[in-house]
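First to last, the sequence lines map onto chains A and B.
Read left to right, the first sequence gives residues 1333 to 1591 (this note's numbering).
Read left to right, the second sequence gives residues 3 to 326 (this note's numbering).
Don't take each hint at face value.
What the hints assert, rightly or not - Distance windows between CB atoms, simulated:
1) Gly1458/A <-> Leu117/B: 34 to 44 Å
2) Glu1420/A <-> Asp5/B: 58 to 68 Å
3) Glu75/B <-> Val1573/A: 32 to 42 Å
4) Phe1506/A <-> Ser62/B: 30 to 40 Å
5) Leu1561/A <-> Glu115/B: 50 to 60 Å
6) Arg1353/A <-> Asp306/B: 55 to 65 Å
7) Ser1435/A <-> Thr118/B: 25 to 35 Å
8) Glu1420/A <-> Asn114/B: 47 to 57 Å
9) Val73/B <-> Gln1336/A: 19 to 29 Å
10) Glu299/B <-> Arg1353/A: 47 to 57 Å
11) Leu117/B <-> Glu1420/A: 37 to 47 Å
12) Val1569/A <-> Glu75/B: 15 to 25 Å
Source of the hints: derived by calculation from the structure; they are not laboratory data.
All of these numbers come straight from a predicted model, not from anything done at the bench.
Glycine included, every Cβ here is placed at the ideal spot set by N, Cα and C.
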Amino acid sequence: MNEQIQEVLALTNRWVKRLSREKFSMLFTLIQPMLFWLIFFGNLFQRAADVQVVQAPNYMSFLAAGVVVMTVLNNGLAGGVDLLFDKENGFLERLMATPIRRSSVILSRFLFVMAITAMQILVILGVAFLFGVSAETGILGIALILVIGMLFGVGLTAISMAMAFSVKSHGDFFSVLGFLSLPMIFLSSALVPLAAMPGWMKSLAFFNPMTWVIDAIRPLILTGWSEALPHVAIALVVLAVFDGLCLYGGARAFKRSVG
Amino acid sequence: MSDAVAIEVKGLGKTYDTVTAVKDLSLSVIQGEIFGLLGPNGAGKSTTLRILITTLSPTSGTATIFGHDVVKEADTIRRLIGYVPQERAIDRFLTGREHLLLLADLYHLPKNEALTRIASLLKLVDLDEHADRVAKGYSGGMKRKLDIACGLLPNPKVLFLDEPTLGLDVQSRLNIWQYLRQLREQGMTIVMTTNYLDEADQLCDRIAIIDRGEIRAIGSPKDLKASLGGDGVWLTLGDSEPQVVETLSTALKALPFVRAIRPTPQGLDIRVDAPEKALPAILETTNRVGCRLDGIEYHRPRLDDVFVAHTGRSLTDQPPEPTT
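Chain A with its partners taken away, still in its complex shape (with noise of 0.2 Å):
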């Protein structure tokens, strides 16, 4: 157990130092969603959004919960980027020569991945805090926050590990990821409440995991409690399904890539 500790730890640090010395990479992980969706598209709907459809003071309000998801979705489906990169450069090789537990790559992936998301929904919330947005639920609610975020990253990080082990060329593994995330977005409730779209669209969204999880966060950011309760519990049975399902798939695309 002891000597797993020592090899999570150690790979852990090296994805730490390799987005250490990626200073601008860095800069734009963790500016690029609060800025380009928060800032930008939520400024700019703030009047041409209706409160009343929104259900909430004002748009960048009912968005930020929203910007919160589509960072856990981006960091998640690229969370196996760097596996794959290992992959076909042949250091996953050089660390599978040695005698590590198999799952210590992934554990530090995990471990990296929600590390860094953890930070992001944290910078997010500040952010829509200077703009006038802060939780109703308090602190409690936004470490809340982070557990939600953090259980529905796994699952994606574990598709996005998946991906990069089966794919056969980089190229594959960057097309599927620009295909899944926009939909993804877009057939939510990020940008728009489930009630305010066209049939066809509801019924896509309402079957898209991040629905479940945005309606769990917005209310613990608008309006407290009582309201955001239950639909918490629905959002961690939805999500207790979804990290089983994508961890099984991952666990085996693991397997059959590396033994």
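With the hints as your guide, set chain B onto chain A.
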């Protein structure tokens, strides 16, 4: 060199969906030798190597390292071996020292031991001055030195190297050979793949020639060359009548030190025992028969000839086969 067996491979096979990468491969590596897997790209060398380092499972056959099965006792094997992949497997954002520190944790070395060993390895491969630069700026030779230091970090009983000098300049190449010879002196068993004939010839104690997934020949470079049957003399004959060449061939066959004669498109390929006697006699015979001689070439048997003899083609003619 003791004759204890370090690696025993029996009937090893690896088949992907439709492609057979390695077929019924058997060999043994003796403790303390440098064993080379020689063959063109896609011949199955890397597949064999990957099975031995436990990162690929065979579809048939067995392989053991010091008695441990590479599939069933993979974790034990991983503690016995070091691996030097091809140079691309370097994280260009990490420094040389960070590569070694990472691996030290993966081999579960205690901190103090790790630090002393890393310092001495960096010195050994002459990288201590560059140890704290990120690998992005390393030359090919430096990356390969770092790779070797990484492979040696666990103090392995067997060191596996994948094309250790591919694409390196001559000086770096000689340095690498030098390290590997030093390691052999210390009793380490070394297994490497190569598609360089001179590397196999000068560095390896024994080689296995692999082509299209099968072993074509195994032995020391010297024995393999000797098995070709003598030194080679190539005659390039001018446009002589076929029956004149025939007469010459018969006359040469009668000479005591000529062992074999084979016609070639240009003339004749003659295998001889004692070149100092054979050459004048061959020239004299050619003149006597009245054959026009455009060229004569004499060479000691080369590994390339061995390769051609066993595979029917030269190692330098790379066939378009799928790499795995």
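Tested hints:
{"no.": "1", "hint": "Gly1458/A <-> Leu117/B: 34 to 44 Å", "in the structure": "holds, 40 Å"}
{"no.": "2", "hint": "Glu1420/A <-> Asp5/B: 58 to 68 Å", "in the structure": "violated, 41 Å"}
{"no.": "3", "hint": "Glu75/B <-> Val1573/A: 32 to 42 Å", "in the structure": "holds, 38 Å"}
{"no.": "4", "hint": "Phe1506/A <-> Ser62/B: 30 to 40 Å", "in the structure": "holds, 37 Å"}
{"no.": "5", "hint": "Leu1561/A <-> Glu115/B: 50 to 60 Å", "in the structure": "holds, 53 Å"}
{"no.": "6", "hint": "Arg1353/A <-> Asp306/B: 55 to 65 Å", "in the structure": "violated, 45 Å"}
{"no.": "7", "hint": "Ser1435/A <-> Thr118/B: 25 to 35 Å", "in the structure": "holds, 30 Å"}
{"no.": "8", "hint": "Glu1420/A <-> Asn114/B: 47 to 57 Å", "in the structure": "violated, 36 Å"}
{"no.": "9", "hint": "Val73/B <-> Gln1336/A: 19 to 29 Å", "in the structure": "holds, 22 Å"}
{"no.": "10", "hint": "Glu299/B <-> Arg1353/A: 47 to 57 Å", "in the structure": "holds, 56 Å"}
{"no.": "11", "hint": "Leu117/B <-> Glu1420/A: 37 to 47 Å", "in the structure": "violated, 32 Å"}
{"no.": "12", "hint": "Val1569/A <-> Glu75/B: 15 to 25 Å", "in the structure": "violated, 43 Å"}
The structure is inconsistent with the numbered hints 2, 6, 8, 11 and 12, although it conforms to all the rest.
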